[in-house]
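Each chain, written out:
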Amino acid sequence: MSFRSGVATFAGKSSYWFLHTFLHGGSSLPGKITLKLDPNILRTLGAKYDVIVITGTNGKTLTTALTVSVLHEKYPTILTNPTGSNMEQGIVTTFLNAKNPKTGRPLAVLEVDEANVIKVTQYIEPKAFVFTNIFRDQMDRYGEIYTTYQKILDGVALAPNATIIANGDSPIFHSKELPNPIQYYGFDNEPDSDFKAKPNTDGVLCPNCEHILHYHSLTYSNQGKYFCPNCGFSRPELTYRLTKLGEQTPTSSKFEIDGHPFKIQVGGTYNIYNALAAYAVGRFMGVEPEQISDAFNANQQVFGRQEVINVDGKRVTIILVKNPVGLDQVLHMIDTDTHPFSLVGLLNANYADGIDTSWIWDGDFEQLTDRDIPAVITGGERYKDITFRLKVAGIPDDKHIVEPDLEKVVDRIQAVPTERVYVLATYTAMLQLRKILATKGYIKEGLGV
Amino acid sequence: MTYDLNVAHLYGDLMNTYGDVGNILALNYYAKQMDVHLNVKVVSLEEDFKAADYDLAFFGGGQDFEQTIVSQDIQTKKAELTKFIESDGPLLAICGGFQLLGHYYIGADGEKLPGIGALDHYTLAQDHNRFIGNIVIKNQETGETYHGFENHQGRTFLGDGERPLGNVISGKGNNGEDGTEGAIYKNVYCSYFHGPILTRNGDIAKHLLVAALQRKYPDADFSQQKALPIPATF
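Keeping their order, the protein sequence lines are chains D and C.
Using this note's numbering, read the first sequence as starting at 1064 and increasing by one per residue.
Using this note's numbering, read the second sequence as starting at 35 and increasing by one per residue.
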């Protein structure tokens, strides 16, 4: 370690200790201080590790957490970054915070923001990259799906020997020739048929000849066993296959990968993709399927984004929604509930939520109208937008409560006729609601998010 | 439902960014209240558009790459689309759809890409900047105020025979210079508004539906449809 890196590391570590001890915080400031003193610090800090970079627009956090627990079955020391610390400063802080490894070459499993992949690969050549998916997400920040993928590839170009483990069901990950070794995972559980994705699906042009892609089978959005009837471009051969999809509920999913049975304690097809990615990394790193199953079973706390809160006997599940594909998947997931439930939609449009609320129209709320939901509450700073969205979806006025004030939303939740309540909220609306629930004593402040 | 309208959703599988499908949902919502059933069909690459088959059309915005592909394919539909527009067919075009009805636009890489020139505007690019944010405009003829969210790199300049959808009260509008937003030509409404536009501005949905009804059923009495109240949604 050079003198400069040494000073920078010491400054960063000290500030972490100070912030952590006295202010109960410190996820990116120590990294910021260290980077100021030595912009090349990651080269020094990362040199000791085998690094796995997990990136993509959706599912990074859960895939990272699951991958860490899978790899723990074989590797005792794994460094990882906490949720939300997926940009350069947060990653530097993660390394600063690590205890010096005593023996061997430890692993670092890092969730990395798409545009920050290059900030890592400038200094570290990872052992593997994991590409989860690329969906439209807060487009006022990064632009379109092709731009986002290019940002990832700009980073990958600096690490041509790293193995890419990619979602094979996503056509964009098969669109560019890359020098890297590539392994694909995907769903292979249905007989072939021939159809197109629904009209408001992104990314359905063949990357080869620019005709509309068809599908033999499709999980959601533009993901599936795609093929181009014009030029023959098709999904690549899969290395890791989801061979059977079993029972799905809002809180659990059963499935088989390569013929091995698994169960995860969380609902949603998107979470099965996350588990499939973690399985793929596990197998790539030599973890046995039985060990992976143990890791999935033991791992209930990583699914933190679907938190269940008891509000005077109401079983309230709060789910973060931030983009159309995620929203669609959440709607599909809660629809697997066999019990009646009430629905709450809370919409804000601050920077962290995405300042354009148009995306709520790409969510298929219409799929819930057959359920005859007994009570729907809409609120938040942009309650007018979400209210009209649900009105158009067919929620009748006599079952629809409009309540902009989140404080009163909590009172309304206490009065709904069902025991189960699903709250779909954008990021800042979720923070505001949690604060109110904490003040009222239903949760402890500061947990979860 | 007493009335039927055939709606062409032009390139609905490619020009579908920013919740554009919400415009179809909103059209349906107001159509039902007007005793109208909509048959919506996506008309995409290598598919025929025949002016006589449709009573109403919607053309949304898309990502740069998709718009490039559509710019080529739409040339095969140019004659029939122009015929539809010139025969007073009601059409709503948003963002990329707006640009492609005009003479040309400058793409993300600086290349000049053709529209169909059915309307007399053209679109230039701006360097490393987009117009992003909430926007409010006022239609001088009807006095209606429209709310939306704009997010575009293109700067569009209207030609002769077009009038703006509205004048900018706050936001950037067509080009950030002349205070115009969108375009109206015959029964064609163009705009950069997302939101989507018809979900926040039901009056425009009503204008489109009434125009389509009067064109298809010239002898029917639509006074009730015209009187449909549109409560504010934004």
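No lab work stands behind these hints, which were simulated from the structure alone.
Quick caveat, the model's predicted, so the values are computed rather than measured.
Don't take every hint at face value.
[Stated by the list, open to error] In the DSBU-like style, the derived pairs of lysine-lysine whose C-alpha atoms are separated by at most 30 angstroms in a straight line are:
#	chain 1	residue 1	chain 2	residue 2
1	C	Lys-117	D	Lys-1454
2	C	Lys-84	D	Lys-1447
3	D	Lys-1259	C	Lys-75
4	C	Lys-172	D	Lys-1261
5	C	Lys-146	D	Lys-1454
6	D	Lys-1259	C	Lys-84
7	D	Lys-1454	C	Lys-84
8	D	Lys-1385	C	Lys-206
9	D	Lys-1214	D	Lys-1447
10	C	Lys-206	D	Lys-1447
11	D	Lys-1239	C	Lys-260
12	C	Lys-66	C	Lys-260
13	C	Lys-117	D	Lys-1261
Each hint tested on the structure:
1. Lys-117(C) <-> Lys-1454(D): violated (36 angstroms)
2. Lys-84(C) <-> Lys-1447(D): violated (38 angstroms)
3. Lys-1259(D) <-> Lys-75(C): holds (14 angstroms)
4. Lys-172(C) <-> Lys-1261(D): violated (35 angstroms)
5. Lys-146(C) <-> Lys-1454(D): violated (42 angstroms)
6. Lys-1259(D) <-> Lys-84(C): holds (23 angstroms)
7. Lys-1454(D) <-> Lys-84(C): violated (34 angstroms)
8. Lys-1385(D) <-> Lys-206(C): holds (26 angstroms)
9. Lys-1214(D) <-> Lys-1447(D): violated (35 angstroms)
10. Lys-206(C) <-> Lys-1447(D): Holds: Lys-206(C) and Lys-1447(D) sit about 24 angstroms apart, inside 30 angstroms.
11. Lys-1239(D) <-> Lys-260(C): With a Cα-Cα distance of about 53 angstroms, the restraint between Lys-1239(D) and Lys-260(C) is violated, given a limit of 30 angstroms.
12. Lys-66(C) <-> Lys-260(C): holds (14 angstroms)
13. Lys-117(C) <-> Lys-1261(D): The given pair, whose Cα atoms are some 29 angstroms apart, holds under the 30 angstroms limit.
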